[in-house]
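Q: Read top to bottom, the protein sequences are chains A and B. Residue numbers for the first sequence follow UniProt numbering, so the first one is 1 and each next one is one higher. Residue numbers for the second sequence follow UniProt numbering, so the first one is 1 and each next one is one higher.
Incorrect hints may appear among the rest.
What the hints assert, rightly or not - Capping the alpha-carbon separation at 25 Å, the derived lysine-lysine pairs in DSS-like fashion look like this: (1) K229/B to K199/B; (2) K199/A to K224/A; (3) K181/A to K181/B; (4) K229/B to K199/A; (5) K199/B to K199/A; (6) K181/A to K199/A; (7) K229/A to K199/A; (8) K181/A to K199/B; (9) K181/B to K199/B; (10) K199/B to K224/B.
Stated by the list, open to error - Computed far set for chain B versus chain A, every beta-carbon distance over 12 Å: (11) P144; (12) R170; (13) G216; (14) K224; (15) A262; (16) L266; (17) E298; (18) D324; (19) E355; (20) A400; (21) E402; (22) A470; (23) A477; (24) V483; (25) G484; (26) R486.
Just so you know, the hints here were simulated from the structure itself, not pulled from any lab data. Where a beta carbon is used, it is the ideal one built from N, C-alpha and C, also for glycine.
Number of protein chains: 2
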Amino acid sequence: MAEWKDEAEKTLDPADEAGWAELRALGHRMLDGIFDHVQGVRQGPVWREMPGESRLRLESEGVPHAGEGAAAAYESFVRDVLPYGIGNAHPRFWGWVMGSGTPVGMLAEMLAAGMNPNVGGFNDSAMMVEEQVIRWMAELMGMPEGTSGLLTSGGSMANLIGLAVGRHARASFDVRGEGLKSGPPLRVYGSTETHSWLKKALELMGMGRVSLCSVGVDQGYRMKIGEVKEAIAADRAAGIVPLCIVGTAGTVNTGATDDLAAIADLCAAEGLWFHIDGAFGALAYWSERLRPALTGMERADSLAFDLHKWGYLPYDVGCVLVRDAEAYRAAFATGASYLNAMERGPAAGGIRFAERTPELSRGFRALKVWMSFKAQGVDSITELVEQNVEQARYLAARVARELELELAAEVPLNLVCFRYRGASDAENQEILQRVQERGISVPSSTVLEGRFAIRVANTNHRSRREDFDALADAVIAIGREVVGERR
Amino acid sequence: MAEWKDEAEKTLDPADEAGWAELRALGHRMLDGIFDHVQGVRQGPVWREMPGESRLRLESEGVPHAGEGAAAAYESFVRDVLPYGIGNAHPRFWGWVMGSGTPVGMLAEMLAAGMNPNVGGFNDSAMMVEEQVIRWMAELMGMPEGTSGLLTSGGSMANLIGLAVGRHARASFDVRGEGLKSGPPLRVYGSTETHSWLKKALELMGMGRVSLCSVGVDQGYRMKIGEVKEAIAADRAAGIVPLCIVGTAGTVNTGATDDLAAIADLCAAEGLWFHIDGAFGALAYWSERLRPALTGMERADSLAFDLHKWGYLPYDVGCVLVRDAEAYRAAFATGASYLNAMERGPAAGGIRFAERTPELSRGFRALKVWMSFKAQGVDSITELVEQNVEQARYLAARVARELELELAAEVPLNLVCFRYRGASDAENQEILQRVQERGISVPSSTVLEGRFAIRVANTNHRSRREDFDALADAVIAIGREVVGERR
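One chain only, chain A, in its complex shape:
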């Protein structure tokens, strides 16, 4: 490096017009290829095991020091990667709670990556798009003007942020400066059905699982309000500071929603932070017909939800909303002077998104939300949310009608838990595995009151009622097969 290189400087862009034309042509081929894939997804199996040779290549190929070119890399993708996904884009995928994505969302991701801003909050359009999306979200969730928020990588980060704001706002000592050792022990309350993000967040936040009070649930898997009240009183008596109640809109096991209005009342009476994990359930609030079951959600101090689940957007994008913008700012703001020095130009003004998250650099995940909302309209998304609930009820009704099937829980929303009747847990698990392996459908499973259940979580905009019948048919047929093998 003593001498400057004399040769032309390099770039990762194509070297000349011909190179640009070639890459652009490849891009058009890719676009057609991925459109073919999405458009034809119904015709293929939901899931298929990766063949050994693809697996071997992904396990054994060394660092690619020399490039093979974009066309060859794309061929590898088409051969070894694209066909062997988890299957969540398929109309008969209802495993865990996943999103199916849309072609509009996919195109927006291409545009976002081509424009490629760092949405840390500069004086630029991408920052304004994210802020607009947050405003729209706040309005849709019934939260007041001035609500602050952020798009995140997903629900767990959104939940973590909401909880961190609540901790700072309600701890009554300087958590950021002095740390947890300087104050009394803190307590957070959530039902036993609360998603595992809460334990993980409390661990990371240094509070430990000891700071979690797991409250029992009623027969509908909803938090017992009386039990929370008692726990708060006992904690106060013991010198533990009650900090926050976490309500859930749509539990992961059965789709239950806590009595959010009752929790809001309790938080108001006791001076606690009210955080809601609405990972998928929160979007039901957009529907006038479904909203009554979520009354009180709009009273959250902080609300976390995903858009890559029931918002039908490609991974990843979640959102946190915080009612008190100043409390939010106070919990994260650092006042990094190098970002604030300028009165004009790209560093002037702007919203310091980095003051709302542990992150600094941020991708333009707002664009896919913005374009999807504008292109398809929020009403069409809401109609599909309603349709997913109707389909879940349709499946539940079918299960209830079939002598060989039985429901394992109530169906308050879009989740259906059921079993092949008269089969053991192991046999029901075997039935589920065959349904998955044969590429018919991918539900997942859960355990309710100690018993295994096949679990259908429907956040899929491609599903039709016939797809749920196909699942029921398959479980019956394979159930007979598995039980028949018993002898």
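Assemble the complex: chain A is given as a structure, and chain B must be docked to it using the hints.
A: Chain B alone, transformed into the frame defined by chain A:
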């Protein structure tokens, strides 16, 4: 909802063949549009202020309940968003430390969003792609086989995770279960030049800023090793448990790299966790010529870096590597049974990425890394890293030659801090603002030893030496202009 809808079920996919053809055609138009944008980026200004009408639309348009169609949404993007980014894709953008992105990375993002897997770690190809990328990264960073890791939204999350693993591994009490209140106070050491992520992480982790010991730096902005040693001894004497030393490979102010080998020795001697923030600097390790300055990096217990900076990939993607895979697992694993129940099918086997992060659902950000590496080769990326350093030295030499300019710090890597000589801080700031506002170039600024400096951070694969001359020319011309206005 008492009755099932009789009409055809809806979807967010196009309704029929004609609809698919129309959307696909729009996709091709978008692809051409964004290719035109990227290919022509050099011809436009680096940054331009958003016009009032675009700003107004983004500030005032309400929730789009009815959709306007994808074509109209795209027109809005082209009109109001695309031209008014922060400018980081432009060859004369060197503000903060940002990435410029590549067209191959952009196409990979489209494919990732079209396939749309949830890379939580199932029995699928996307999980294997991410694991392969992590293996490649470990090898490139000189870390041993068996090193664990994760792709993250960026360096701050990667750093947070590394620190959290270190805390769990070295705290000598059960942080996850019992929380910080159950053990002695902990201390983390980093230089005064350590990036602000560290304070933010300690705050979130409940340790408070009080747990940070900020160590002084020498004239080259490198951590004073003797001072760390003394601080550790004093802390031990005071009953504080030394936990971790954070070394930096490439500080944000000047590009300095701590004496990583000396820190590694010290950590080994004292039993401390050795974490390195290599947000951009770590990638210099890939170059044989630059590597000597980073000797010791391969000895890190955990190493965090970005690929959307010096890896030239679109936002967002960072990486954390952890040498001791078991320590990593122990710090985050939850053993969520609903993910592990199956012996076959999509939930069998797999790597539980969710056990390496506070997150659960995860996007397919691995694909752009994998395709970029395969298509362009790691060696070409490394050559561009070297070129960026050469260009920084070229600018530094030009600054040193010009009577009207002066260097504000040494140039150990790819950052150049300089001033218009004989101008005040306010005047230098005015010069920078005019350079930015006129769309000539976007450097950012910093303060070194109490004085304002224009700061060029070069992680841009599109820059040429002529671009740095254009900046120097502009600073001289505008410097004369600003100083001339003094009278």
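Q: Compare the structure with the hints numbered earlier in the document and write down the numbers of the violated ones, lowest to highest.
A: 4, 19
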